[in-house]
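These protein sequences, in sequence, are chains A and Y.
First residue of the first sequence: 0, per numbering that gives the first Met the number 0; consecutive thereafter.
First residue of the second sequence: 0, per numbering that gives the first Met the number 0; consecutive thereafter.
These are computed hints drawn from the structure, not numbers from a lab.
Mixed in with the good hints there might be a few duds.
Cross-link-like lysine-lysine pairs, in silico, BS3-like; alpha carbons within 27 Å at most [as the list claims (entries may be wrong)]: (1) Lys64(A) x Lys209(A); (2) Lys183(A) x Lys209(A); (3) Lys169(A) x Lys209(A); (4) Lys102(A) x Lys64(A); (5) Lys46(A) x Lys83(Y); (6) Lys83(Y) x Lys209(A).
Each pair of labels, with its calculated beta carbon distance range [what the hints assert, rightly or not]: (7) Glu121(A) x Leu136(Y): 44 to 52 Å; (8) Leu96(Y) x Asn79(A): 33 to 41 Å; (9) Ser117(Y) x Asp55(A): 36 to 44 Å; (10) Gly63(A) x Leu62(Y): 50 to 58 Å; (11) His80(Y) x Arg84(A): 53 to 61 Å; (12) Lys155(A) x Leu256(Y): 46 to 54 Å; (13) Gly138(A) x Leu256(Y): 39 to 47 Å.
Backbone N, C-alpha and C define an ideal beta-carbon position, used for all residues, glycine too.
So the chains spell out like this:
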Amino acid sequence: MPIIDIKDLEFAYDGESVLADVNLSVRQGDFMALIGPNGGGKTTLVKLILGLLTPDRGAILIDGKSPQKASHCIGYVPQNVNVNRSFPITTMDVVLMGRLNPKKRLSRNTNTHRRDALAALERLEVADYADRKIGALSGGQRQRAFIARALVGRPKLLLLDEPTASIDTKGQADFYRLLGELNKEITIVVVSHDLLVVSHYVKSVACVNKHLHYHDQAEITGEMLETMYPCTVEEICPVELVAHGLPHRVLPVHEKKSHD
Amino acid sequence: MIDALQFEFMQNALAAGLLASVICGIMGTLVVVNRIVFLSGGIAHAAYGGIGLAFFFNWPFLLGTIGFSLFAAMLMAAISHTIKHRADTIIGVIWALGMAFGIILIDISPGYNVDLMSYLFGSILAVPRSDLFFMILVGVVMTILVVYYYKDLLAMSYDEEFARIRGVPVRTLYFGLIGMLAVTIVLVIQVVGLILVIALLTIPPFIVEKYANTLVQMMVASSLLGALLTIMGLWLSYRYNLTSGASIIMVSGIVFLISLVIDKIRLIAYK
């Protein structure tokens, strides 16, 4: 069973179509980069997957369930968390939020939760900051704390929205190495408008710009793309500029096949 | 100060000030971290419309004010939750309308005239015992609610989207918070006046926020700081024969400025 299964999805804001004919099937253990230009519908798609929005048409199944029922299967790492650096909350309390269960307000397994939270922080090498205020941490450390928050709920899918926005280039390499490590146990989807995100840990790429085009390959050559995904004029990949000149991975431009 | 406390009205004033500090310390913390100070100001001013209604129709005072404030508060909550980018403007409109509505109703009510100054600055020196018990009751109910929903409130205040994903009933909680805010504001206004309520809701929480590691710490510290500022203000007002509410606010304002200067120095020293 695919972890994310989207069929004929359509979504419009105020009558303006944001996503149309979206079909996507993400298998367990995948490491998918969801890329596309700003305003191309990435964030909307993420909110639909999280169950924060409901589709106008079509269906989304997360691990075989509706997004609302499956929201705790997903470990979500948002792009911007509270801009107020003075907010009175410790790193530990942020991570504990990943275990929050409003249905069990009175029975609180606080000790087990704290142990799990500390383990998650240790795994991400930020356990030393557990009792510090989250606002006192650097951008990269905070990012790791938010991943710990997502992981402490033992999700099947880790969904990260623009995770490298606040990290420098050197930090980004380390960051993707970390995600590659996590990917041994968990399915990962990384959302980015930054084309550099296609690091060599990524196993598949989905380009979204109102429509969605899925590239299910680690190494993609022009020939493969053309045979496996014949981008005809009607069915062209919606993101035009995917290729970049850096050595790790190059997605070729989807050439318009002329049949005439 | 000690000799002043032999008067019953001074004892009551002090008790009212301390109770208001605690109530505003807890609510003010939630107001500041949720960035709904402007909305609180809107509720506090629009509540004047409720006073006008109560006078015009000869309703019981509290029923009229709380009813009208809750209505105005829910309206503002609905707007600020659905069209966030327009919220400040529309809150401003309700703020002004509520106040004008109240003043006109009082104009056309026969006979009696409420003193607008006492609504703005309260009459902390004329607080009856019964009001004190009412404030204690409100404080206790509010504390129980905040303790019960603490984790949900923390999650909503820090990261609303994540809270929703974890199943926190954010919408209900938000309306509940605003409703509770409306009730407490109206009750405390009666005792210490509108301006002091806004000052106690914002100044102590803002000063202690950067030193607090948890929301509880911030609530407790705000309450204590508010109490300290109230005692200092009351003493000044007694000693130099000044308006008590305004004295408390002036003291708070000076401490606020000092805290800003200390922040600046710490920042420079850190570099």
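Hint check for Asp55(A) and Ser117(Y) - Cβ pair distance inside 36 to 44 Å: Violated, at about 55 Å.
Pair hint Lys46(A) and Lys83(Y), alpha-carbon separation not exceeding 27 Å: 18 Å, holds
Satisfaction of the hinted span 53 to 61 Å by the C-beta atoms belonging to His80(Y) and Arg84(A): Violated, at about 25 Å.
Outcome of range test on Cβ distance (Leu96(Y), Asn79(A); 33 to 41 Å): Because 35 Å falls inside the window, the suggested range holds.
Assessment of proposed distance window 39 to 47 Å (beta carbons of Gly138(A), Leu256(Y)): The hinted range 39 to 47 Å is violated for Gly138(A) and Leu256(Y), with Cβ atoms some 32 Å apart.
Proposed proximity, Lys209(A) with Lys64(A) (alpha carbon, max 27 Å): 24 Å, holds
Given pair status - Lys209(A), Lys83(Y), alpha carbons within 27 Å: 25 Å, holds
Given pair status - Lys64(A), Lys102(A), alpha carbons within 27 Å: Answer holds: Lys102(A) to Lys64(A) is near 19 Å, not above 27 Å.
Pair hint Lys169(A) and Lys209(A), alpha-carbon separation not exceeding 27 Å: Cα-Cα ~32 Å, so violated.
Satisfaction of the hinted span 50 to 58 Å by the C-beta atoms belonging to Gly63(A) and Leu62(Y): 53 Å, holds
Outcome of range test on Cβ distance (Lys155(A), Leu256(Y); 46 to 54 Å): 53 Å, holds
Beta-carbon spacing of Glu121(A) to Leu136(Y) - inside the hinted bounds 44 to 52 Å or not: At roughly 47 Å between Cβ atoms, Leu136(Y) and Glu121(A) fall inside 44 to 52 Å, so the hint holds.
Hint compliance for this structure: hints 2, 3, 9, 11 and 13 are broken, all remaining hints hold.
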